[in-house]
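Undergrad: Once you have looked at the hints, place chain B on chain A.
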Amino acid sequence: MRTVAFASGKGGAGKTSLSLSFFYFLREQSVFADCDVDAADAFLMIEKENLTREPFESGYKYGIDAGRCSACGACAPICAFDAISVRNDVYTIDQLSCEGCGACDDGCPDQAIARWNNRCGELMTSRSAFDTPLVYARLKPGEDNSGKLVHKVRQRAADEAIRTHKPLIIIDAPPGIGCPVIAALTGVNLLVVVIECTRFGFHDAQRLIGLAEQLRLNHIAILNKCGVHPELEQTIRNYLSEKNIPLAGVIPFRKAFSDALNKMQLIIQSEDASLTQNLTEIYQTIHRML
Amino acid sequence: MIQEKSLQTMAIAFASGKGGTGKTSLSVNLAAYLSCSREVLLADLDVDEPDAALFLANAEKIQSDPQTVPIAQIDTNKCTKCGKCVSACNYNAIAVSPLYVKIFPELCKSCFRCRRHCPEDAISFREAPIGEISQYRDGNLTLYKGKLRTGDIHTKHLIHLVKSEIRKSDVALRIYDCPPGTTCPMVESVKGADYTVLVTEPTPFGLHDLMLAVEVVRSIDIPFGVVINKSDEYDGLIATRCAAEGIPVIARFPFSMEVFKKAGNGRLVYDVSGYAEHLDLMFQRIQEDLS
Numbered sequence: 001m002r003t004v005a006f007a008s009g010k011g012g013a014g015k016t017s018l019s020l021s022f023f024y025f026l027r028e029q030s031v032f033a034d035c036d037v038d039a040a041d042a043f044l045m046i047e048k049e050n051l052t053r054e055p056f057e058s059g060y061k062y063g064i065d066a067g068r069c070s071a072c073g074a075c076a077p078i079c080a081f082d083a084i085s086v087r088n089d090v091y092t093i094d095q096l097s098c099e100g101c102g103a104c105d106d107g108c109p110d111q112a113i114a115r116w117n118n119r120c121g122e123l124m125t126s127r128s129a130f131d132t133p134l135v136y137a138r139l140k141p142g143e144d145n146s147g148k149l150v151h152k153v154r155q156r157a158a159d160e161a162i163r164t165h166k167p168l169i170i171i172d173a174p175p176g177i178g179c180p181v182i183a184a185l186t187g188v189n190l191l192v193v194v195i196e197c198t199r200f201g202f203h204d205a206q207r208l209i210g211l212a213e214q215l216r217l218n219h220i221a222i223l224n225k226c227g228v229h230p231e232l233e234q235t236i237r238n239y240l241s242e243k244n245i246p247l248a249g250v251i252p253f254r255k256a257f258s259d260a261l262n263k264m265q266l267i268i269q270s271e272d273a274s275l276t277q278n279l280t281e282i283y284q285t286i287h288r289m290l
Numbered sequence: 001m002i003q004e005k006s007l008q009t010m011a012i013a014f015a016s017g018k019g020g021t022g023k024t025s026l027s028v029n030l031a032a033y034l035s036c037s038r039e040v041l042l043a044d045l046d047v048d049e050p051d052a053a054l055f056l057a058n059a060e061k062i063q064s065d066p067q068t069v070p071i072a073q074i075d076t077n078k079c080t081k082c083g084k085c086v087s088a089c090n091y092n093a094i095a096v097s098p099l100y101v102k103i104f105p106e107l108c109k110s111c112f113r114c115r116r117h118c119p120e121d122a123i124s125f126r127e128a129p130i131g132e133i134s135q136y137r138d139g140n141l142t143l144y145k146g147k148l149r150t151g152d153i154h155t156k157h158l159i160h161l162v163k164s165e166i167r168k169s170d171v172a173l174r175i176y177d178c179p180p181g182t183t184c185p186m187v188e189s190v191k192g193a194d195y196t197v198l199v200t201e202p203t204p205f206g207l208h209d210l211m212l213a214v215e216v217v218r219s220i221d222i223p224f225g226v227v228i229n230k231s232d233e234y235d236g237l238i239a240t241r242c243a244a245e246g247i248p249v250i251a252r253f254p255f256s257m258e259v260f261k262k263a264g265n266g267r268l269v270y271d272v273s274g275y276a277e278h279l280d281l282m283f284q285r286i287q288e289d290l291s
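Line by line, the protein sequences give chains A and B.
Quick note: the first sequence uses my numbering, first residue 1, plus one each step.
Quick note: the second sequence uses my numbering, first residue 1, plus one each step.
Chain A with its partners taken away, still in its complex shape (with noise of 0.2 angstroms):
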């Protein structure tokens, strides 16, 4: 089994509308995972039916039992996070504040801090418009832990990936670089640096391609939304030679991708011939490099 991840550091390069083709490129033998679960949207393109839901628990949290507390305030500076406050003589935890480690409760002498099991996200796996297998997460507002979701998303898709006989996994990864795109990108055979062809697109996928080398990944980019600005191109054109960064091809600014995404139709199938000829010969470059 293989794994591909389209990753970009900024959003809005189009990483997902990239992806969502790759997997119609190839969507006799994938499996798709939305990895951004901060607000996957890749389903809204191509889930026909969804299968199962599942909760997603992480960690814990705490809050105070107004009818044990005798209001001391022990609790309060205890509190690493500053969760706690007290109104009148009433102290609450801040359920957005609270990292759930349960310091408050060495510091209560009354017994009233009450822990639960912290149900943060869900986990969907879903058949999409091609009859194979989709997979995705949604965290709840304000919660931490998206790595740990991510990393189930995975777990989700390779399982059914075993179970549907598909050979590859492609990952739709969140935007920035921090935790939860470290667990959408570990391990993967590939990673395809979806690179906007602005100044901000380029600064950002440059701190993208430094965390691809500390994780050791293989790594090809594409340029998109180009043919505005042919110096930067070309300087990034430089840079990636200088890099040894293979370029799987370049993508002109178009309006045709988003009017496509307006009809509900993957860039891949869009009425521009020129640009479903050019996607194909890219990922054709990508599939040979898998």
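Calculated from the structure, these hints are not laboratory results.
The beta-carbon is built from N, C-alpha and C at its ideal position, and this holds for glycine as well.
Just so you know, not all the hints are guaranteed correct.
[Stated by the list, open to error] With a straight-line cut-off of 25 angstroms between C-alpha atoms, the simulated DSS-like cross-links for lysine-lysine are:
id: 1; chain 1: B; residue 1: Lys168; chain 2: B; residue 2: Lys191
id: 2; chain 1: B; residue 1: Lys261; chain 2: A; residue 2: Lys255
id: 3; chain 1: B; residue 1: Lys262; chain 2: B; residue 2: Lys61
id: 4; chain 1: A; residue 1: Lys140; chain 2: A; residue 2: Lys152
id: 5; chain 1: A; residue 1: Lys140; chain 2: B; residue 2: Lys191
id: 6; chain 1: A; residue 1: Lys61; chain 2: B; residue 2: Lys61
id: 7; chain 1: B; residue 1: Lys262; chain 2: A; residue 2: Lys255
id: 8; chain 1: B; residue 1: Lys102; chain 2: A; residue 2: Lys148
[What the hints assert, rightly or not] Partial selection, computed: residues in chain A whose CB lies under 10 angstroms from chain B:
id: 9; residue: Gly9
id: 10; residue: Asp38
id: 11; residue: Cys72
id: 12; residue: Lys140
id: 13; residue: Gly178
id: 14; residue: Ile182
id: 15; residue: Thr198
id: 16; residue: Glu213
id: 17; residue: Lys225
id: 18; residue: Phe253
id: 19; residue: Lys255
id: 20; residue: Ala256
id: 21; residue: Asn262
[What the hints assert, rightly or not] Pulled from the structure, derived: some chain A residues nowhere near chain B, Cβ distances all over 10 angstroms:
id: 22; residue: Glu49
id: 23; residue: Arg87
id: 24; residue: Ser126
id: 25; residue: Gln277
TA: Using the frame of chain A, we list chain B on its own:
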């Protein structure tokens, strides 16, 4: 009683569920535009990918400080491997066997609970680097930028540290450029802001992620308004849904190739025809909503 210094501040956070909708473009341009006539503080809280400074070609870096978090460490000479720290740690950051004890620093959340539970006083905390906070100055504009170390996972901590740093400033008008998403880093960024601008774009992804972001700001009870950026013939998608759900759309910035070109090159765009008027209208509306 000690009085907090009575500074009347206004903090406006620019957030969005989806990445790439234009949070940075809008927040930096608003900050730079308003700084023509007053002092403005801009905080780049997207510490994974801090880009705001790229727009400010003339900004001068005036300060840069490394940032750290305390991470548990164990003195193996004092440790008796009793395992009390292991049961105290809810993050499974400590492993102990009869032969060894180990801390996984990437799991430690600096809650200090292990130290309180250790009967041998064998646990101390070392300061581990997670990134840096830099301060830039450009005319009346002060930029605070948090930058996470590559491969580090302390996104939330660093955002928290940038916000603590800002608290020391006496600039009244504060603008936050927040990370994308709807989970911990986004909430940490918008928390405490007086107003949140949710930036979206007229695509099905833009709409879907906007609704997630609305759920977040509603749950933490911050006044908010939606800005449709790269507005075009598909605006109806966003506008209809917002109207149905009672969500205010406070401004629209039309898609413009000129803006895309200039902004993509890292240049400010408030001098592009019509842009400043939209900024004015947006800022006026925010002030009205807050008064």
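Undergrad: Of all the hints numbered above, which does this structure not satisfy? Sort the numbers upward.
TA: 6, 11, 20
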